[in-house]
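Trainee: Listed here are the chains, written in short residue letters.
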Amino acid sequence: MIAYIVRRAAYAIPILIGINILTFVLFFVVNSPDDMARMHLGVKRVTPEAIEKWKHERGYDRPLLWNLEASGVERLTDTMFFRKSVRLFVFDFGRSDSGRDIGYDISQRMWPSLAIAIPSLLIGLLVNITFALLIAFFRGTYIDVGGVVLAVILMSISGLFYIIGGQFLVGKFLHLVPISGYDTGLNAAKFIVLPVIIGVIGGIGAGTRWYRTVFLEEIGKDYIRTARAKGLSERSILYKHVLRNGLIPILTGVVAILPLLFMGSLIVESFFAVPGLGSYTIDAINSQDFAIVRAMVFLGSVLYIIGLLLTDISYTVVDPRVRLG
Amino acid sequence: MLFVLGAQIVVPACTEVPWNNPYPATDAEQNILYDSFSERPNHLDPVRAYSANEYVFIAQIYEPPLQYHFLKRPYQLVPLTATTMPRPVYLDGAGRQWPDSALPEDIAYTVYRITLQPGIEYQPHPAFAKSGDGKFVYHDLTESDLRGVHTLADFKHTGTRELVAEDYVYQIKRLAHPELHSPIAGLMGKYIEGLTQLSETLREAYNKLTNGADRDVYLDLSEYSLEGAQAIDRYTYEVTIKGKYPQFMYWLAMPFFAPMPWEADKFYTQPGMVERNITLDWYPVGTGPYMLEENNPNRRMVLARNPNFRGEPYPTEGEAGDESQGLLADAGKPMPFIDRAVYSLEKETIPYWNKFLQGYYDASGISSDNFDQAIQFSTQGEAQLTDAMKEKGIQLQTAVTTSSFYMGFNMGDDVVGGRSERARKLRQAISMVVDYEEFISIFRNGRGIAAQGPIPPGIFGYRQNEAGINPYVYDWVDGKPRRKPIEAARKLLAEAGYPGGRDEKTGKSLILYFDTLDRGPDTKAQINWLRKQFSKLSIQLVIRATDYNRFQQKMRDGTEQIFQWGWNADYPDPENFLFLLYGPNAKVGKGGENAANYENSEFDRLFVQVKDMDSGPERQAVIDEMVEIVRRDAPWLWGFHPVGFSLYQSWYSNAKPNLMANNLLKYKRVDPTLRAKLREAWNTPVIWPPVLLIIVLVVSVIPAIITFRRREKAAAL
Numbered sequence: 001m002i003a004y005i006v007r008r009a010a011y012a013i014p015i016l017i018g019i020n021i022l023t024f025v026l027f028f029v030v031n032s033p034d035d036m037a038r039m040h041l042g043v044k045r046v047t048p049e050a051i052e053k054w055k056h057e058r059g060y061d062r063p064l065l066w067n068l069e070a071s072g073v074e075r076l077t078d079t080m081f082f083r084k085s086v087r088l089f090v091f092d093f094g095r096s097d098s099g100r101d102i103g104y105d106i107s108q109r110m111w112p113s114l115a116i117a118i119p120s121l122l123i124g125l126l127v128n129i130t131f132a133l134l135i136a137f138f139r140g141t142y143i144d145v146g147g148v149v150l151a152v153i154l155m156s157i158s159g160l161f162y163i164i165g166g167q168f169l170v171g172k173f174l175h176l177v178p179i180s181g182y183d184t185g186l187n188a189a190k191f192i193v194l195p196v197i198i199g200v201i202g203g204i205g206a207g208t209r210w211y212r213t214v215f216l217e218e219i220g221k222d223y224i225r226t227a228r229a230k231g232l233s234e235r236s237i238l239y240k241h242v243l244r245n246g247l248i249p250i251l252t253g254v255v256a257i258l259p260l261l262f263m264g265s266l267i268v269e270s271f272f273a274v275p276g277l278g279s280y281t282i283d284a285i286n287s288q289d290f291a292i293v294r295a296m297v298f299l300g301s302v303l304y305i306i307g308l309l310l311t312d313i314s315y316t317v318v319d320p321r322v323r324l325g
Numbered sequence: 001m002l003f004v005l006g007a008q009i010v011v012p013a014c015t016e017v018p019w020n021n022p023y024p025a026t027d028a029e030q031n032i033l034y035d036s037f038s039e040r041p042n043h044l045d046p047v048r049a050y051s052a053n054e055y056v057f058i059a060q061i062y063e064p065p066l067q068y069h070f071l072k073r074p075y076q077l078v079p080l081t082a083t084t085m086p087r088p089v090y091l092d093g094a095g096r097q098w099p100d101s102a103l104p105e106d107i108a109y110t111v112y113r114i115t116l117q118p119g120i121e122y123q124p125h126p127a128f129a130k131s132g133d134g135k136f137v138y139h140d141l142t143e144s145d146l147r148g149v150h151t152l153a154d155f156k157h158t159g160t161r162e163l164v165a166e167d168y169v170y171q172i173k174r175l176a177h178p179e180l181h182s183p184i185a186g187l188m189g190k191y192i193e194g195l196t197q198l199s200e201t202l203r204e205a206y207n208k209l210t211n212g213a214d215r216d217v218y219l220d221l222s223e224y225s226l227e228g229a230q231a232i233d234r235y236t237y238e239v240t241i242k243g244k245y246p247q248f249m250y251w252l253a254m255p256f257f258a259p260m261p262w263e264a265d266k267f268y269t270q271p272g273m274v275e276r277n278i279t280l281d282w283y284p285v286g287t288g289p290y291m292l293e294e295n296n297p298n299r300r301m302v303l304a305r306n307p308n309f310r311g312e313p314y315p316t317e318g319e320a321g322d323e324s325q326g327l328l329a330d331a332g333k334p335m336p337f338i339d340r341a342v343y344s345l346e347k348e349t350i351p352y353w354n355k356f357l358q359g360y361y362d363a364s365g366i367s368s369d370n371f372d373q374a375i376q377f378s379t380q381g382e383a384q385l386t387d388a389m390k391e392k393g394i395q396l397q398t399a400v401t402t403s404s405f406y407m408g409f410n411m412g413d414d415v416v417g418g419r420s421e422r423a424r425k426l427r428q429a430i431s432m433v434v435d436y437e438e439f440i441s442i443f444r445n446g447r448g449i450a451a452q453g454p455i456p457p458g459i460f461g462y463r464q465n466e467a468g469i470n471p472y473v474y475d476w477v478d479g480k481p482r483r484k485p486i487e488a489a490r491k492l493l494a495e496a497g498y499p500g501g502r503d504e505k506t507g508k509s510l511i512l513y514f515d516t517l518d519r520g521p522d523t524k525a526q527i528n529w530l531r532k533q534f535s536k537l538s539i540q541l542v543i544r545a546t547d548y549n550r551f552q553q554k555m556r557d558g559t560e561q562i563f564q565w566g567w568n569a570d571y572p573d574p575e576n577f578l579f580l581l582y583g584p585n586a587k588v589g590k591g592g593e594n595a596a597n598y599e600n601s602e603f604d605r606l607f608v609q610v611k612d613m614d615s616g617p618e619r620q621a622v623i624d625e626m627v628e629i630v631r632r633d634a635p636w637l638w639g640f641h642p643v644g645f646s647l648y649q650s651w652y653s654n655a656k657p658n659l660m661a662n663n664l665l666k667y668k669r670v671d672p673t674l675r676a677k678l679r680e681a682w683n684t685p686v687i688w689p690p691v692l693l694i695i696v697l698v699v700s701v702i703p704a705i706i707t708f709r710r711r712e713k714a715a716a717l
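Heads up: the sequence lines are chains A and P, in that order. Mapping the first sequence onto the working numbering, position 37 (from 1) lands on 37, and the numbers just tick up by one. Mapping the second sequence onto the working numbering, position 418 (from 1) lands on 418, and the numbers just tick up by one.
With the rest of the complex left out, here is chain A (with noise of 0.2 Å):
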């Protein structure tokens, strides 16, 4: 086990490479570094050379992947690519272009991202697999057919608009909660409210549908006919046999997003004003803050390799016929 997790990391090595490479460019085929003094200078009265300046202030000054007119291992190492790149695999952000210190805006922002996403996840996976349990358990009638109509039409809906009809009912018309806005500690309990609420609701649809193929599929295998045959309980069916195998999909699809949960999501938190990492990969791209955005690409990249280790490993634990070589 230790020997593939090694490994594994190994391989992630050039991965991040690449991933950093493929960053580098796409950001830079649409932002030049002038681009990016003038969105951090202003419109202004900016002058050409306070444009120059601020780019070799930041070391945007240089070559981005090969500097041509150094010598030696200095045309690699004397680039932009080089000198952004090599910090982040010890996990140092270094600082954004306006100044900030990424690390420690990281290590501020992804809380409130988990604090919606945690409970959406939890919540969610007990509603999905209870009318999934349920759907399946009527299988063939009016409620299997009911349900799965009911599925596809909320997964048909666009998110966002539970997002703007959940704020819509339920702030703005039954007062219940607030419609935005974000607060610490136990304070932050009822903006959370909402998100979550939404999230699940929104994930209904495909969480359904996908855990109902899984409960069907082992519904119509051997060792339940078997186990009826014998005389259990539906109860005991569903609950000791199918909901325990069908489980093994599920849960290792859990663990491979479980690390995406720390980035927040894009539109929940900018349409709740909720200060996640979202919010903060989206506030970089639009302000052209290339050292966020190569440090949450890169932190992504990370997180879902992570991801799909632990997927791996889950496999073992939950199926002892699974060996990792």
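The hints are simulated quantities; they were obtained by calculation from the structure and are not laboratory data. Everything hinted at is true.
DSBU-like mimics (lysine-lysine), calculated; alpha carbons at most 30 Å apart, straight line: (1) P:208 <-> A:53; (2) P:72 <-> P:668; (3) P:190 <-> A:53; (4) P:190 <-> A:55; (5) P:668 <-> A:172; (6) P:208 <-> A:84; (7) P:508 <-> P:425; (8) P:208 <-> A:55; (9) P:390 <-> A:172; (10) A:53 <-> P:266; (11) P:554 <-> A:55; (12) A:230 <-> P:713; (13) P:333 <-> P:656; (14) P:392 <-> A:172; (15) P:668 <-> P:333; (16) A:221 <-> P:713; (17) P:347 <-> A:172.
Since the structure of chain A is already known, use the hints to place chain P on it.
Mentor: Chain P in isolation, oriented as in the chain A frame:
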């Protein structure tokens, strides 16, 4: 989650605070103003900040020597920390004084002597904290001292000191600091004596201090003298500028010229502070009525009353009508009236608007999406509040902004540019047919007035009524301007060599190119409208939409043909608009603000003359001449001047639009008791729908449970 929902129901019910109140229950009847911001400020250092979203905070904290009178119009400068308005003294090259009537070309220097009010103190700040033996507590911090320090509030001790003239001089020197990149350093270098040289000196000194390393160090500016800014005594300083530049007085009302205590600079540039995000750009220190209590631009910014503020009196004079509107009710009372101002981050207009309607914001603008909900037009075309707004007691204020949104022709373009008679007639013809009155009506809900020239209303040089119309586009008919008939435009187009929209030499259709930002489907209707305007002359308009960066690049390179642009006044002087057409300010090659790259030697000559003149009949005559030149040359379709609509809650008073001043918070007043009462009335929770939903869910599950149990009990076969 059930606990949270339960708590959500129980806790507010006990405190009689609406459930949807986004603020702490304890603040319900506090003297707090609630507002929002949609874009986080980039800089809070007065030497760097230059945008409205930054000024909304720092203008309440930093105090330049002058300010705009809150009530009087036209806009008038008055002393803020100065005792009186400085009178410019004109000198020749030998330092001899000229009379005020001296010709601008004879004046070598202008000296502004500013005397400060004694007894003004800075806000409490750790940079001023001193121990019993008189030493600064936090000026020699080590890494171990900074352990556990994350914000400014983590420093336990604070202190203050009196504002002195040297602080203003220090800030002027900061304009030249090599690491601060002040946006006006270049401009002020042209005027303030010795500033450019100081910039070079400071660059060398800074490089020596850092030895090329990437780190922040304290550069003690008091060790370097600046000829153009000198402290005369404790409360008096002089600023010497080259030549005559009357607009300099307006700059003295901007935060760029606010005082900066050296202690703050020293405090913030200590090792370890930048790494903790504790910088002058993040934690301002000033003498104003407010200080920044909380700086979290990701969530909210909080300004709190500065306990050391001297209590500046509310204005005792205003313009006609101010008294009847209650704007002088607080005359002479010490300001500020509000204890705290909470600005919450609201990126989306829908939640922002709904929270305003629920009473959680005290003031609001109106977006196009909400316009019909808030405003209706009377039969006379006058904007007024809808019944729903009136019912809530909301107040409406409108004001023509000192801004221009125009459509420009690139004067370097072969087809539409240049000063040939052909190109001029083509531009004039297009000016006639692009109907900005229609644009304002369709796309801005009537919130704007069609521009007649480069100068907006409220700025000296603007002419009203018949004398103010653009005679190349409008006729004065029945007491109002009327756009010339389309036949006149077609005639001009034919004279330009494009009869019927076709090139008379080649017979090909005239195709023009409009370069714009690609803002997605939102602008499609405007683009279609624009195409329709050009098609009135059978001109095909091709849209070249690009992203922001490419568009800016096109403008810098001069590869655009027709474009849209805008300008918001820095100060209420015509020079700030006429310079947008001054040849040496061309965008191409010079990086200036003359986006159309317009060049007319006569206009340029008059501009040099008018910028140094004092406002009066002579200056008006020169401005009239300049406006006539550009109207005839038509480098812009003059576009429109937006009209700002602002809504204020019934508990909000002393609301008068002032488009020049930024330090307006101190004048505002709210009635928190009325606000709490109305919030409660407007936000009664409606519980029956969720209760009904739960009942429906429970009832609908019962048959499933019955079926489940029946199946459980059923025999296998």
